[in-house]
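K.L.:
Following the hints, complete the assembly by docking chain B onto the known chain A.
As you go down the protein sequences, you meet chains A and B in turn.
Residue numbering for the first sequence follows my numbering, starting at 1 and increasing by one per position.
Residue numbering for the second sequence follows my numbering, starting at 1 and increasing by one per position.
A hint or two may mislead.
[As the list claims (entries may be wrong)] When the alpha-carbon atoms are kept at most 20 Å apart in a straight line, the in silico EDC-like pairs for lysine to aspartate or glutamate are as follows:
{"hint": "1", "chain 1": "B", "residue 1": "Lys27", "chain 2": "A", "residue 2": "Glu45"}
{"hint": "2", "chain 1": "A", "residue 1": "Lys3", "chain 2": "B", "residue 2": "Glu52"}
{"hint": "3", "chain 1": "A", "residue 1": "Lys3", "chain 2": "A", "residue 2": "Glu66"}
Hints were generated in silico from the structure; no laboratory data involved.
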Amino acid sequence: DAKTTQPNSMESNEEEPVHLPCNHSTISGTDYIHWYRQLPSQGPEYVIHGLTSNVNNRMASLAIAEDRKSSTLILHRATLRDAAVYYCILEGGAGGTSYGKLTFGQGTILTVHP
Amino acid sequence: NAGVMQNPRHLVRRRGQEARLRCSPMKGHSHVYWYRQLPEEGLKFMVYLQKENIIDESGMPKERFSAEFPKEGPSILRIQQVVRGDSAAYFCASSPSSGSVHEQFFGPGTRLTVL
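Same shape as in the complex, but just chain A (with noise of 0.2 Å):
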């Protein structure tokens, strides 16, 4: 599987907006990008994924670069219930060989100030 890095951690303000960086610069074509998150002490939750355009939905906003090389999820305003450890994570895309598993680093824990 592809590698991702991300910072270990970040702090923002309560009802600003945050910006989680993903490097991954050994991406292949098919390989889709996937953000989790995992509050304390429960399963990790889905957030967002995306393959080439930005995408958004109601929790988040995924930005792509254009050489896919990096990508950056935007929480818009931030509230203390997204402190959580925000896993970027590349997959194989159907028909790979990957079957959807999830290879988790070690992500980047988010604290959010009052």
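P.N.:
Positioned in the frame of chain A, the structure of chain B alone reads:
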């Protein structure tokens, strides 16, 4: 639509005993993944199953660990002769199909403590 259910939520076993962890996927999901999270570490893939079939067990230890997903009933992760190093949080996730076009829905986990 109930989410992924795992039970028990907490399990305590003594060394040498067996641990059985259950996972009921979301309704309509026939794909189950098991992950393990050791203390202070990230989540690691263990095994991927479809109904009655193990598709990928590349992340599962060769000995003492087994998994099944029968035609009826929950998926079971079984750990025989547990050791202290098996203490971890075990998460299962379900998906309506394999491949990244579908998100994985995770359960709350089973926290196994081996005394």
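K.L.:
Taking the hints in turn, state whether each one holds.
P.N.:
Evaluated hints:
no.	hint	result
1	Lys27(B) with Glu45(A)	holds, 18 Å
2	Lys3(A) with Glu52(B)	violated, 32 Å
3	Lys3(A) with Glu66(A)	holds, 18 Å
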